[in-house]
Structure formats: C-alpha cells, structure tokens
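Once you've looked at the hints, dock chain B against the given chain A.
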Amino acid sequence: MRKVIAAINMTLDGFCDHTAGIADDELHQHYTELLDNAGIILYGRITYQLMQFWQTLIINPSGEKSLDDFAMAIDKIPKIVYSHTLKNTEWDSAKLSNQPIEKEVLELKQQSGKDIFVGSRSLIIQLMNHNLIDEFQICIHPVLEGKGLPLFDKIKDRTIFKLINTKTLGSGAIVLYYEPTRQ
Amino acid sequence: MHISLDGFVAGLNGEIDWVKVDEEIFEYVGKRINEGDTALYGRVTYQMMENYWPTAGDKPTATKHDIEHSKWYSKVHKVVLSKTMKDAGLTNTKIISDNLSGRINELKQSRGSEDILLFGSPTATHSLIQLNLIDGYWLFVNPIILGQGIPLFVDIKDKIKLKLLTTRQFTSGVTELNYIVDRQ
Numbered sequence: 001m002r003k004v005i006a007a008i009n010m011t012l013d014g015f016c017d018h019t020a021g022i023a024d025d026e027l028h029q030h031y032t033e034l035l036d037n038a039g040i041i042l043y044g045r046i047t048y049q050l051m052q053f054w055q056t057l058i059i060n061p062s063g064e065k066s067l068d069d070f071a072m073a074i075d076k077i078p079k080i081v082y083s084h085t086l087k088n089t090e091w092d093s094a095k096l097s098n099q100p101i102e103k104e105v106l107e108l109k110q111q112s113g114k115d116i117f118v119g120s121r122s123l124i125i126q127l128m129n130h131n132l133i134d135e136f137q138i139c140i141h142p143v144l145e146g147k148g149l150p151l152f153d154k155i156k157d158r159t160i161f162k163l164i165n166t167k168t169l170g171s172g173a174i175v176l177y178y179e180p181t182r183q
Numbered sequence: 001m002h003i004s005l006d007g008f009v010a011g012l013n014g015e016i017d018w019v020k021v022d023e024e025i026f027e028y029v030g031k032r033i034n035e036g037d038t039a040l041y042g043r044v045t046y047q048m049m050e051n052y053w054p055t056a057g058d059k060p061t062a063t064k065h066d067i068e069h070s071k072w073y074s075k076v077h078k079v080v081l082s083k084t085m086k087d088a089g090l091t092n093t094k095i096i097s098d099n100l101s102g103r104i105n106e107l108k109q110s111r112g113s114e115d116i117l118l119f120g121s122p123t124a125t126h127s128l129i130q131l132n133l134i135d136g137y138w139l140f141v142n143p144i145i146l147g148q149g150i151p152l153f154v155d156i157k158d159k160i161k162l163k164l165l166t167t168r169q170f171t172s173g174v175t176e177l178n179y180i181v182d183r184q
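From first to last, the protein sequence lines stand for chains A and B. The opening position of the first sequence corresponds to residue 1 in the working numbering, with each subsequent residue numbered one higher. The opening position of the second sequence corresponds to residue 1 in the working numbering, with each subsequent residue numbered one higher.
Careful: at least some of the hints might be erroneous.
BS3-like, lysine-lysine: derived pairs with alpha carbons at most 25 Å apart [as the list claims (entries may be wrong)]:
hint, chain 1, residue 1, chain 2, residue 2
1, B, 71, B, 31
2, B, 83, B, 59
3, A, 154, B, 163
4, A, 167, B, 161
5, B, 83, B, 108
6, A, 65, A, 3
7, B, 20, B, 31
8, B, 20, A, 154
9, A, 147, A, 3
10, B, 108, B, 86
11, B, 20, A, 156
12, A, 3, A, 76
13, B, 159, A, 147
14, B, 161, A, 147
15, A, 114, A, 76
16, A, 167, B, 163
17, A, 79, A, 95
18, A, 154, A, 3
19, A, 167, A, 3
20, A, 65, A, 79
21, B, 71, B, 20
22, A, 147, B, 83
23, A, 103, A, 114
24, A, 114, A, 3
25, B, 20, A, 162
26, A, 114, A, 162
27, A, 76, A, 87
28, B, 64, B, 83
29, B, 108, B, 75
30, A, 167, B, 20
31, B, 163, A, 147
32, B, 75, B, 31
33, A, 109, A, 162
Everything labelled a hint here was simulated from the structure, so no lab data went into it.
Same shape as in the complex, but just chain A (with noise of 0.2 Å):
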C-alpha cells in the first residue's frame, strides 16, 4: 500500500516558520527530487497559498536552475488543498477539497500509486492524531528562532518512531526520517 508521508522544514526549536530556513539550491533539489517521486501532495491553505509563488515561475523561468526544475516539479505534482474559503486553486494540477482529511487519505491508500506527501503543518498534526502519517521527513534547520507555530502541537500521547536514515546538506540542515512505530 502506498504510504503518507510528512515532510516538512522546522527550526531546531521545533518551529514551522517558511523565511526561517536556508532554502538554497541543495535544499530546492532535495524537495525537487522529493516531488518527483510523489504521487500525489497534501496542501493546507496556507502552505499551497505560499506554493502558488511558483507558478510564477512556470511563466517566467528565473534561469537558475534549481529553482526552475522545483516550479516545475511542484507544477506536475497532483495537489489537494484543504480549505473551506478558497473557491478555486487557481491551478490546473490543484484541486479544492473540503471533505474530512482522514476519511480522503485512507481512500487515496486503497488506490494504486506513488507515495501521498503532506506538506502543511496543519495537516500533518491532524493526521499525527488519527494515527495516518507512515513516515516522517523532517528537515531541521540550523536555527533557533524562539516564535512561531510548533510543528509539534498539541499531541497527547508519546509517540515512539525507529529512525531509518538521516541526509545531511551542506548549509547545515539535516533531513531525519521516521517511521511510526505502532504499539
């Protein structure tokens, strides 16, 4: 069964914060090479809201090349946005979804194909709770920037992961991956 994933950046002190990080070309390749092998991604309304930037990029390439292979990565991708406000994405590749998240993504697991990302903080916490994320990629930045909304929010129970690989880039963030383990 294809597996949901969490990948997200946070800070070292745990913050979801989009200008913290060090979005360098490594780090546009690592998320490029991420979306290529996505079936499908995630989006809550805030996060896709920022994506939308990319689009702009599609029309006017900026002729660096990291930046232009990701726009076009997350082009392609399938998104669903998660929102009661947005009338439409304003995106070909985007579709609207209001229905209850956790009954979507168990229906996206009995389909056949690659691997479903989440990439909001909202939703990730949403599916941490109802027991859905499979893994766990999580980028830290090397920063701490003491305010923000905690990736980590409001979760009751501990949760114990096995760690499978961790992927070090060069200005220092660290990509950790988990798997849940389910007791």
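The following block gives chain B in isolation, referenced to the frame of chain A:
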C-alpha cells in the same frame, strides 16, 4: 543534552525514562567528555549526580561505563550554578551563585580552548541562553515525541543562527546533532 524530537529534555515531572543510552552512546560521549576537565551543572542535576556517581563504580553490578564515569566524575572540576548552595566543604566543586556572566566568562578564559560541557540542567541552560553564554549545543535527538515536558529552548528573543559541525546516527535510533552558535 538528550532531547526528544519535539524539543523536550524531560517530561513535566522531570521524567527521563525515554532517554536512550547504551554502550555505543556512552563510548562515543565518553571520548569527548574525557578531553575536558570541567563539568558544569545546575543544582538539581548536580544533586542527582552527587547521589549516584561517587559510589556507582564500587557497586558489585557496576558496568565498565559505571566504573570509568565514576572515576571521571570524582576527578573532574565541578562547577554548579545555584543561588542556595555553598561551596564550603565540597571537594573539587565550585558554586556560582551570582554575577553569572562574569563568572562564566572567567571560567571560559581560565580553561583556554577547552570546551566546558554543561550536562543536563535545563534551568541552568535557560539562564545561560538568556545571557548569550552558550557557544554550542551538543544534542542527542531521541526518536520520540513526548507531547509535553520541559523544553530545552525557551524565551529566545532574537533568532540564533547555528552551524552544524557533526552528526551521527546511532543504532538505537538516536541522532547526534553537534552545533556551534554562529556569532557573525
């Protein structure tokens, strides 16, 4: 410092039952701590250490690590941050109770290039973070989310940039992240 993936150093009641330590980690950590001869503690951690390590090597069940660490503990210069303790009568132990910045800077200068390791001690760490006295973080990230507990990083007012020096993956699933503070 052992931390959970969600950044806690202990549970709400100080629980550290989730911390994974084994021979592999003891051996790795031992190499670095044996290079220095100063250990810094907060009062609570110091009292825990004092209750255990001086005699840990003498117990019939003592492991190789217990014996070695017990020897190291009695030999190392201990510096304790406490407003209530007095250093009279303590061997090889100095108490810092006021002028934290000045006293820590003196200590740093007297040790030259040697690293001064602060063990455990979340409250002391928080005081030192506030005074911008931490030069690096040597973290052992345990493969667990606790959900609640005592956080390592609190009240950080200005963004602090770090440099990742080394990292290591242990068979227990713990990941070492060894950072220095990037002061530029």
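We went through each hint and held it up to the structure:
About 14 Å separates the Cα atoms of residue 71 of chain B and residue 31 of chain B, which keeps this hinted pair within 25 Å; it holds. A hinted pair counts as satisfied when its Cα atoms are at most 25 Å apart, and residue 83 of chain B with residue 59 of chain B does not qualify at roughly 33 Å. At most 25 Å may separate the alpha-carbon atoms for a hinted pair to count; residue 154 of chain A and residue 163 of chain B exceed this at roughly 30 Å. Taken as a hint, the residue 167 of chain A and residue 161 of chain B pair is honoured in the structure, with Cα atoms around 20 Å apart against an allowance of 25 Å.
As the CA atoms of residue 83 of chain B and residue 108 of chain B are separated by approximately 20 Å, the hinted pair is consistent with the 25 Å bound. Under the criterion of a C-alpha separation no larger than 25 Å, the hint pairing residue 65 of chain A with residue 3 of chain A is inconsistent with the structure, at around 30 Å. The suggested pairing of residue 20 of chain B with residue 31 of chain B holds, with an alpha-carbon distance near 18 Å, which does not exceed 25 Å. Restraint check for residue 20 of chain B and residue 154 of chain A: satisfied, since their Cα atoms lie roughly 24 Å apart, inside the 25 Å limit.
For the hint pairing residue 147 of chain A with residue 3 of chain A, the CA-to-CA distance comes to about 32 Å; that exceeds 25 Å, so the pair is violated. The straight-line distance between the Cα atoms of residue 108 of chain B and residue 86 of chain B is roughly 21 Å, inside the 25 Å bound, and the hint therefore holds. Restraint check: the Cα-Cα separation between residue 20 of chain B and residue 156 of chain A comes to about 21 Å, which is no more than 25 Å; the hinted pair holds. In summary, the hint linking residue 3 of chain A to residue 76 of chain A is supported, as the alpha carbons are separated by about 20 Å, within the 25 Å threshold.
For the given pair, residue 159 of chain B sits about 9 Å from residue 147 of chain A by alpha-carbon distance, which is consistent with the 25 Å threshold. In summary, the hint linking residue 161 of chain B to residue 147 of chain A is supported, as the alpha carbons are separated by about 14 Å, within the 25 Å threshold. With a C-alpha separation of about 14 Å, the suggested pairing of residue 114 of chain A with residue 76 of chain A holds against the 25 Å cut-off. Our distance criterion of 25 Å between C-alpha atoms is met by residue 167 of chain A and residue 163 of chain B, whose separation comes to about 16 Å.
Pair hint residue 79 of chain A plus residue 95 of chain A holds up; C-alpha atoms about 6 Å apart against a cutoff of 25 Å. Simply put, residue 154 of chain A and residue 3 of chain A have alpha-carbon atoms about 24 Å apart, close enough for the 25 Å limit, and the pair holds. In summary, the hint linking residue 167 of chain A to residue 3 of chain A is supported, as the alpha carbons are separated by about 20 Å, within the 25 Å threshold. For the hint linking residue 65 of chain A to residue 79 of chain A, the alpha-carbon distance of about 23 Å falls within 25 Å, and the restraint holds.
Pair hint residue 71 of chain B plus residue 20 of chain B holds up; C-alpha atoms about 23 Å apart against a cutoff of 25 Å. Among the hinted pairs, residue 147 of chain A with residue 83 of chain B is inconsistent with the structure: their alpha-carbon atoms are about 29 Å apart, more than 25 Å. Only pairs whose Cα atoms come within 25 Å are accepted, and residue 103 of chain A paired with residue 114 of chain A is accepted, the gap being roughly 19 Å. For the hint linking residue 114 of chain A to residue 3 of chain A, the alpha-carbon distance of about 8 Å falls within 25 Å, and the restraint holds.
A C-alpha spacing of about 12 Å is found between residue 20 of chain B and residue 162 of chain A, which places the hinted pair at or below 25 Å, so the restraint holds. Between the alpha carbons of residue 114 of chain A and residue 162 of chain A the distance comes to roughly 22 Å, so the proposed pair stays at or under 25 Å and holds. Straight-line distance between C-alpha atoms of residue 76 of chain A and residue 87 of chain A comes to about 21 Å, which keeps the hinted pair within the 25 Å bound. Using a Cα cut-off of 25 Å, the hinted pair residue 64 of chain B and residue 83 of chain B is violated, with the two alpha carbons roughly 35 Å apart.
Proximity of residue 108 of chain B to residue 75 of chain B is assessed by CA-CA distance (about 19 Å); at most 25 Å being required, the pair is judged to hold. Proximity of residue 167 of chain A to residue 20 of chain B is assessed by CA-CA distance (about 21 Å); at most 25 Å being required, the pair is judged to hold. Under the criterion of a C-alpha separation no larger than 25 Å, the hint pairing residue 163 of chain B with residue 147 of chain A is consistent with the structure, at around 20 Å. Between residue 75 of chain B and residue 31 of chain B the alpha-carbon distance is near 16 Å, which keeps this suggested pair within the 25 Å criterion.
Between residue 109 of chain A and residue 162 of chain A the CA atoms are separated by roughly 22 Å; this keeps the pair inside 25 Å, and the hint holds.
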